[in-house]
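Participant: Below, each chain spelled out in residue letters.
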Amino acid sequence: MENSFLLFISTAIVALAVENAVLARGLGTDNRSLFVKGPRSGLLMGGIFAWIIVWSAFPVSLTNYLLKGSPYVTVVRAPIYLASILMVYTLTSVLGTRHLKNRQLAEEIKQALPVATFNSALFSAFFLSASQNFFFSQTLGYALGSAVGYTAAIFIIYYARKRLAISAVPRAFRGLPILLIYLGLLSLALYGLIGHNLPT
Amino acid sequence: MELSKVRRYRKRHKLIAALFSQSPVLIIGLNLPFLIATSVSLRSAAALSLELLVVHMGTMAVALLAARYCPRVVRPVINVATSTLLMMVARLWLTVFFRGVVDALGIYIYLMAVNGMTLTQTNALTKDSHPLPVLRGAFLNVAGFSVLMFVISFFREYLGSGTLWGNPVAVFLRLPGVLVPFFGFIVVGFLLAGAKVLNKKLLGLALRERALREARFSIIENDVVL
Amino acid sequence: MQLKQYPAPHIRMSQTTRGVMADAIAALSFLYAMAFYYHGPRSLVLGLFSVFVCLLCDILCSAISKKRYNLRDFSAVVTGMILPLMMPASVEYRIVAVAGIFAIVVAKVPFGGVGHNVFNPAAAGFSFAAICFEDALFTYPPADLKLPLWQTAEFTLATSPAFVLQLGGTPGYDSMSMLLGKYPGPMGATNILVLIACLIYLVSRGTVRWSMPVSFFATVAVLAFAFPRSAAGGLASVGFELATGLLLFGGIFLLGDPVTTPKREMSKVAFGITSGVMVMLFRHFGNMEEGITFALLLMNAAVWGFDMVGERIARWMRRKKLGTLEGEKIPKKA
Amino acid sequence: MPMFSKGIVLSQHKEPAFSKPVVRFVHPQTDSLKLDLKQIAVQTEQDAIIELARLARIVDERDGKLLYRKLRRSQGKAKIIIADAVDDEPYVSSRIGPLLQMGEEVADGLELCCTVAGCQEKRIMVYKMITDLETRISHSIQKIKVMRVRGGYPAYQQKRLSHLGDMPRLVVGVGALIHLARAVYQQKQQSTVFLTVAGNCVACPMNLEVSLGMTVMQVLERCGLTQQPTRVVCGGSMTGVSILDTENTLITHTTRAILAVRENQRDAHYTCIGCGRCEQVCPSGLNPMYIHRLVQTNYYAGLPLFDPQFCIGCGTCSYICPSKLEVATSVATAKAYALGQVPGGEEEDEAPEAGAASPSPAPSEPEPNPSREQSPDIPSLPEEEDDAQDDDLLKDLPNAE
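Protein chains in written order, with our numbering: chain H, 19 to 218; chain L, 11 to 236; chain P, 67 to 400; chain R, 2 to 402.
A hint or two may mislead.
[As the list claims (entries may be wrong)] Each pair of labels, with its calculated beta carbon distance range:
1. P:Ser95 to R:His140: 21 to 31 Å
2. P:Leu347 to L:Cys80: 29 to 39 Å
3. P:Ala284 to R:Asp246: 31 to 41 Å
4. R:Val147 to P:Tyr267: 55 to 65 Å
[To be verified] Which chain P residues face chain H? A few, computed with CB under 10 Å, are given here:
5. Tyr98
6. Phe177
7. Ala189
8. Ala224
9. Trp276
10. Leu347
11. Ala361
12. Val369
Derived from the structure by calculation, the hints contain no laboratory data.
Here the structure is a predicted model, which means the values were calculated and not measured.
Glycine is no exception: its CB is placed at the ideal position from the N, C-alpha and C atoms.
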């Protein structure tokens with residue numbers, strides 16, 4: 019039991035810091051998630067991401083368990099993952115937008131839901147956990163860690179924009195280009211910690 | 011902003027604008043993950059471009075029908091399901107030609123099912139959007155994406171691994187660090203800056219804003235509050 | 067008489083930015099003198115070449131962006147002088163050129179040039195070079211070995227004590243040779259006494275505030291005593307961690323860079339402590355032999371946060387002391 | 002780590018103007034203006050003194066307020082009278098000079114103020130950190146104890162009078178005290194003001210007693226110019242306003258010095274390297290570097306965090322800046338914006354190097370009025386204000402607790 023818990027924690031930390039989807043792989047670098055309005059919408063985005071990824075981690079790990087050793091795994095894996103994520107997405111959109119008291123929050127969720135769901139960072143978490151033959155606890159930990167890492171990346175970008183707003187960035191580099199260079203230097207610094215071995 | 015200049019520009023540089031300086035990949039940064047992480051060899055660039063061609067065109071075709079006949083809630087589901095199926099088909103097809111590349115790309119082949127370009131532009135479709143211009147624009151976007159992929163991949167493969175399309179060539183100094191994703195960030199950042207400079211030089215902001223209107227997006231610049 | 071309108075004050079301090087940079091250049095030239103004493107003229111040629119590359123890149127970039135380049139600010143010179151000192155004396159010239167180009171073109175100019183760069187250019191350039199040429203940058207010529215100007219292939223290159231520490235061993239050098247820099251290591255980072263003299267000089271000149279290096283080195287020492295990497299035990303581990311690698315050099319010249327460090331005193335102290343922890347984390351878990359530049363790059367991204375937290379604390383203290391003024395309004399977004 | 006700095010110790014170039022005698026350079030008509038005592042119909046001696054101060058139009062030069070208002074406010078309230086001779090700005094000795102040479106009149110003025118306030122305690126407050134004086138200041142002038150304000154510039158931020166506690170006190174400038182004594186004992190209207198003329202263009206720097214309403218050019222010609230100055234400063238060297246039209250700028254009550262300086266071209270434009278010196282020397286504990294950045298990048302939304310409204314306009318940040326940037330100007334713009342005086346985002350330049358694009362900081366003295374046709378014998382009084390506002394005595398203190 020505690021063994022699986024330790025696995026959960028270690029995988030979560032790995033997915034959060036070392037293999038951060040945004041910083042180490044450049045996944046999820048979509049301008050919609052790069053430019054959040056403020057801390058609140060950033061938290062909302064990360065929360066929706068975590069909600070979707072954690073709930074869809076259950077059927078995904080079940081699929082991994084059932085498909086172990088099957089020859090068609092590479093063929094049927096992706097559709098099943100996407101189907102499970104789509105299921106969670108539909109349920110969430112129905113629940114979140116219909117049965118929520120706070121209408122403003124519901125509207126915001128309705129806006130941010132597709133952005134946070136159809137996101138390469140979210141999909142890559144499951145493919146990576148499958149390619150590394152994770153167990154259930156590891157898959158869950160990896161999913162949760164990716165969610166926290168994604169939120170952390172969103173906030174890093176938000177504060178980087180604040181910092182760059184008052185420095186004399188040349189006109190050509192304003193906005194997205196300087197942010198990408200900023201992220202590039204950050205992931206260069208992170209690369210010094212993790213080294214060459216990134217699972218694909 | 012002299013309109014004559016704009017017109018002359020449109021006559022001459024339409025292709026450049028569509029493929030490089032105005033392609034939404036550079037203007038609003040769609041499909042950045044592929045440009046950043048996977049643009050390390052020309053073969054993978056070719057593979058991903060072909061896959062995006064299949065996925066994007068097919069999904070746009072289906073999304074046009076969906077936008078016409080389906081309620082708004084179920085459209086993302088239909089689009090993503092379509093793109094997934096097309097991605098699987100494209101993957102099976104690519105494994106014939108680019109076997110080693112498909113293995114090397116790993117998850118990115120799957121991730122093409124949720125690439126930002128397809129999601130954004132299928133969301134942007136409405137009930138009364140005409141099929142032909144939409145499909146032409148989609149094809150131009152895919153072409154622009156593949157052009158960028160090839161440019162960056164040429165640069166990185168030549169500098170990083172000293173090969174071109176797998177064949178070793180003489181290079182003055184090999185920089186293995188170029189193959190790491192962080193350099194993809196930096197190269198794409200400089201390319202975006204180059205595209206902005208080109209637009210500014212050629213005719214200022216007019217075409218850029220037009221492209222933004224087409225992509226139904228607005229670049230946010232320095233609008234945060236401390 | 068023709069008069070011009072000047073804003074107050076009408077008297078200025080005599081020290082200029084050029085003086086601040088010249089202090090750093092003077093301190094670095096001490097290290098070049100030591101490198102010349104140990105490794106011969108090649109070290110000086112490396113330094114000159116790197117300075118030339120950095121200056122050229124800076125001037126070209128400012129020419130491209132149509133800005134008048136101010137030859138008076140020596141920041142590119144300082145960057146160019148720092149870069150080879152972090153590398154072995156046997157490093158190839160083109161590696162130095164790659165590091166310098168990356169430092170200026172990627173880490174400095176896009177962010178707005180001197181004074182606006184978020185990341186330390188020298189740290190970024192060295193990190194890129196370390197990723198590209200790991201084996202070339204972390205194998206060092208034996209100490210007091212005069213190197214020829216051009217090819218250095220036929221010399222047997224040794225590993226540095228930092229590598230031994232990373233493997234968990236104990237470096238076999240006595241303390242005197244460690245102090246005098248008689249062991250294979252980076253060109254400018256081995257002779258500890260000269261580095262300490264440089265730190266004292268810079269602090270006395272006011273170019274570097276004492277608070278950040280002191281807190282940084284203290285944190286590193288405490289962590290090295292608590293979690294020794296070598297079997298030699300706590301105190302020896304403290305000595306080894308402080309003396310080996312780029313730690314002392316980076317703590318003085320990379321952490322002393324005023325642009326990429328916090329401004330307020332308390333923020334400086336907090337920044338020094340945090341970067342000490344980060345450096346030791348990189349040394350324990352990183353896969354590179356020397357992780358201080360990577361740790362410093364990560365910390366540079368956090369400087370803004372440190373400054374803002376310091377500002378909030380300062381505002382709280384100020385409000386508590388002075389109260390709020392009447393007629394004060396919350397400004398709207400401009 | 003002290004948040005509020007003790008200021009910076011400037012090298013005070015008070016010699017040779019300080020040790021020379023104070024020269025009278027007065028307008029013959031205005032000098033002979035007498036008060037007619039027939040208007041005065043008061044009972045007590047205190048009201049007589051206040052009435053004389055009102056008739057003589059005496060203005061306190063340290064804050065530009067009418068002296069009789071301060072006397073009326075402090076009537077029977079103040080427990081101690083302080084003669085303010087703190088000249089902490091370099092080149093300026095227009096208070097300490099007259100104090101040493103007209104000590105009797107200063108003592109008489111202090112005595113009169115004590116009579117009004119009904120207290121016995123008297124002090125004279127001078128600046129300690131003046132190192133280059135040839136004549137040293139004794140510990141008691143006319144048997145009045147002299148207090149030294151230590152610490153660097155700006156001296157009014159130092160907390161050196163804490164042994165007085167929050168005893169209600171009246172602080173009057175030396176010039177106002179001298180004029181009060183003259184008004185009471187010689188029935189003379191205030192028609193002159195003490196000021197220092199210095200600078201590397203002035204032939205013989207000295208302290209002058211100049212008639213109000215004279216032009217700056219007259220005063221400069223009185224002292225003689227050795228070369229053509231490039232800037233003429235009306236006021237102190239740290240907070241003064243550099244004027245353009247010396248012919249039409251008149252001497253006002255609060256003009257403390259006139260500096261004529263010639264300097265070679267300003268140093269090349271560096272960019273801010275974020276050394277943080279300005280933050281270390283700011284007496285209000287502000288962070289001028291970030292305020293400068295925000296103003297230069299037109300980013301006024303970030304200002305509330307940095308509290309620019311606490312700026313006292315001392316100019317130490319610009320003085321210390323190694324990049325020679327106009328930091329104080331930016332901070333003054335930010336202060337004016339934070340206090341809602343100017344709409345933000347006036348200047349549109351985005352280059353942080355482009356300095357001095359914003360209005361000059363709020364000067365310590367009122368702007369010199371270029372009205373030539375004003376007859377020279379009527380000194381221009383500060384605008385009328387009602388007694389209700391800022392009538393607590395602790396307001397005009399060196400150390401406002």
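Participant: Checked against the structure, which of the hints given earlier come out wrong?
Facilitator: 1, 2, 3, 4, 5, 8 and 9
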